[in-house]
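Order-wise, the sequence lines are chains H and V.
Its first residue numbered 1, the first sequence is counted upward by one per residue in our numbering.
Its first residue numbered 1, the second sequence is counted upward by one per residue in our numbering.
Any given hint could be a false lead.
[What the hints assert, rightly or not] Below, computed lysine-lysine pairings styled on DSS-like, alpha-carbon distance capped at 30 Å:
id : chain 1 : residue 1 : chain 2 : residue 2
1  : V       : K575      : V       : K588
2  : V       : K225      : V       : K425
3  : V       : K580      : H       : K2
4  : V       : K224      : V       : K6
5  : V       : K391      : V       : K571
6  : V       : K575      : H       : K2
[Claimed, not checked] If you want the ones that stay clear, here's a sample from chain H, every Cβ over 10 Å from chain V, calculated:
id : residue
7  : G12
8  : D21
9  : P59
Worth flagging that the hints you see were computed from the coordinates, not collected in a lab.
Here a beta-carbon is modelled for each residue, glycine too, at the ideal position from N, C-alpha and C.
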Amino acid sequence: MKVTIKLFALLGEYLPAGAADNAAEIEVADGATPADVIRRLALPRESCHLVLINGLYRPPGERDDRPLQPGDVLAIWPPIAGGRD
Amino acid sequence: MAWARKVLRVDLNAGTCTDEALNMDWARRYLGQRGLATKYLVEETDPRVDPLAPENKMIMATGPLTGTCASTAGRYSVITKGALTGAIACSNSGGFFGNEMKNAGYDMIIFEGKSPKPVYLLVRNGDARLVDAGELWGASCWDTEERIKAAHQDPLIRVASIGVAGERGVKYAAIVNDMHRAAGRSGVGAVMGSKNLKAVAIRGTLGVKVDDFAAFMAATAAGKKVLADNAVTGQGLPTYGTQVLMNVVNETGALPTRNHQGVQFEGAHAISGEAMHEKRASDGKSNLITNNACFACTIACGRISAIERTHYTVVDRPQYQKASGGLEYEAAWALGAATGVSDLDACTFANFICNEQGFDPISFGATVGAAMELFEIGAITTKETGGIELKFGNVHALTELAELTGRGEGFGAEIGLGSKRLCEKYGHPELSMQVKGQEFPAYDSRGIQGMGLAYATSNRGACHLRGYTVASEILGVPEKTDPLATEGKGGLVKAFQDATAAVDSAGICVFTTFAWTLDDIAPQIDAACEGEWTPETLLEVGERVWNLERRYNLGAGFTDKDDTLPKRLLKEAAKTGPAKGLVNGLDKMLPEYYQLRGWTTEGIPTNETLQRLAL
């Protein structure tokens, strides 16, 4: 299935080739979770601070077990956009 | 200690400057800056005064930490009755002017009356006098600063001035210091202009004494380490500035778009902090030149930018090809998303004009957005606009109106009224997106519910800096709360409002609170000032200041009916994003808030509350 990944601020350097405006559409396996995408893009886990799916906040405990749906937008910011370390 | 213990009183009617002792009893109860100057204003003026009448006073005030080596300790505020709102106004600015004022030996300067002719105030280490400003009248803030420095052959003089906007009475005129820092909101520049006061120029080298030097150095060093180690203040703000928020707020569906008709802007990325870093294809350079720090600041969030030299706004205009201040997030939103414009250089240019002529880019951009909606529904036409096709997204309309508003000419004079007066004039008051006459900043309260309550109850009209619950609701500072929920927001808003009022009374920047709590701030104040200063006493000061401001507004004629939001936010649901289908639930939050404040159901502080706060 296809999902859109958006990586902002200093995470922008992890975007796949062809990305524009900090966003890229990527193909992931059915049932993939946000954590699966984070691993696949080699994002440092500690840098994935603010994680939104379709604009809704996804707390750290829900990033491993809640699968993405086709067409979902997964947006991630490092801690620079807020939150305590 | 920390306080200079001296007030400069400037009688503009008589042309005299007089020193007087700071009321230390008030200083112990209101700390400084926002709180202490509000106390002076309350004691010395009638809240029903016309903001532009000579009887209104204008106070420039520092906090006890201003001018010390505590991080960000360069702040000053301008306290008066706001020209835009008719409510208490307190506009806070950074740069270097506040430090200079404190080091010249003054905690605050009180301006009263009206000069019979244009003047500026010159202060050098406790020596103050008024100087004829006849030749400066009509000059921009940028020119005024350069000419005063040249006239006195002293490049280290710090200048706060009004531009033509303040002279012409633009309702949201600002006072600009250090070229691009501003006491920006509520029209404090219009009040300054009404007094025929063009500028305040200060040179100060007296130093600031603290109560316990060793403890102060230890406490401020500890505070700086907290800022450096925190990802927001140590990395995020220096790298992206407040502009890191553009994409965050857009993704969360809380970016007011086209006069709050939408909550997500398709052009958000083009005007974001990330875009400011991107190299242009044309010349290989980025919009952002560097970051910039105010006095004593170890965060350095400020943006210094330059417009591409072939951009239509600056061709053959070298004065605008130089690097200058901006864009910060709120300005980028107002000039961009609020008007539907996604041209980064055009927004940067409009922001330069706001700095040059001294007016608030938030209220300006929001008012242009309101005028665009008036135009699109046919309430105004090219007949009123002087031929400008005022449609959403018209970049040329934005930049032309910036220049016209700065000079108070053509339809710019009407944009200078602010959205409330403009929309009332053309028969559609419901299209003005404001509270108490002041335009909203860059967060839609349908997507961030707590901000609706913060806006509705803000003592200076719609404002993000009175209670920035965005920190909690979106960014998770100090803890994450649900932005779409109303439960618990009364307490959250009150906590942010009280803590912020204390920070604003101290002489430091509210951005420290991305990392600092009052537990980090109190030891710095306690070491600098005589007396016992704890997080608890600071919160008490904050709550006292909040209630003092509230009482001023009640005296000025505001009631609980003014603690509200435009119908659009209460009745028209968000159309996209996480808040789709939601309006702001102010009615669910406001009663709890009044109760937590110790106010009646009509929003009036009870006698018990006033006694508890020694008001």
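Here's how the hints hold up against the structure:
Distance restraint check for K575 (chain V) and K588 (chain V): the Cα-Cα separation of roughly 21 Å lies within the 30 Å cut-off, and the hinted pair is therefore satisfied. Between K225 (chain V) and K425 (chain V) the CA atoms are separated by roughly 53 Å; this puts the pair beyond 30 Å, and the hint is violated. Restraint check for K580 (chain V) and K2 (chain H): the C-alpha separation of about 23 Å stays at or below 30 Å, so the hint holds. The hinted pair formed by K224 (chain V) and K6 (chain V) meets the criterion: a straight-line CA distance of about 29 Å does not exceed 30 Å.
With a CA separation close to 25 Å, the supplied pair K391 (chain V) and K571 (chain V) stays within the 30 Å bound. Between the alpha carbons of K575 (chain V) and K2 (chain H) the distance comes to roughly 24 Å, so the proposed pair stays at or under 30 Å and holds. A Cβ of chain V approaches the Cβ of G12 (chain H) within 10 Å, the least distance being about 6 Å, so the stated non-interface status is violated. D21 (chain H), annotated as away from the interface, has a beta carbon of chain V within 10 Å; the closest lies near 4 Å.
A cut-off of 10 Å between C-beta atoms contradicts the statement that P59 (chain H) is not in contact with chain V; the least separation is 7 Å.
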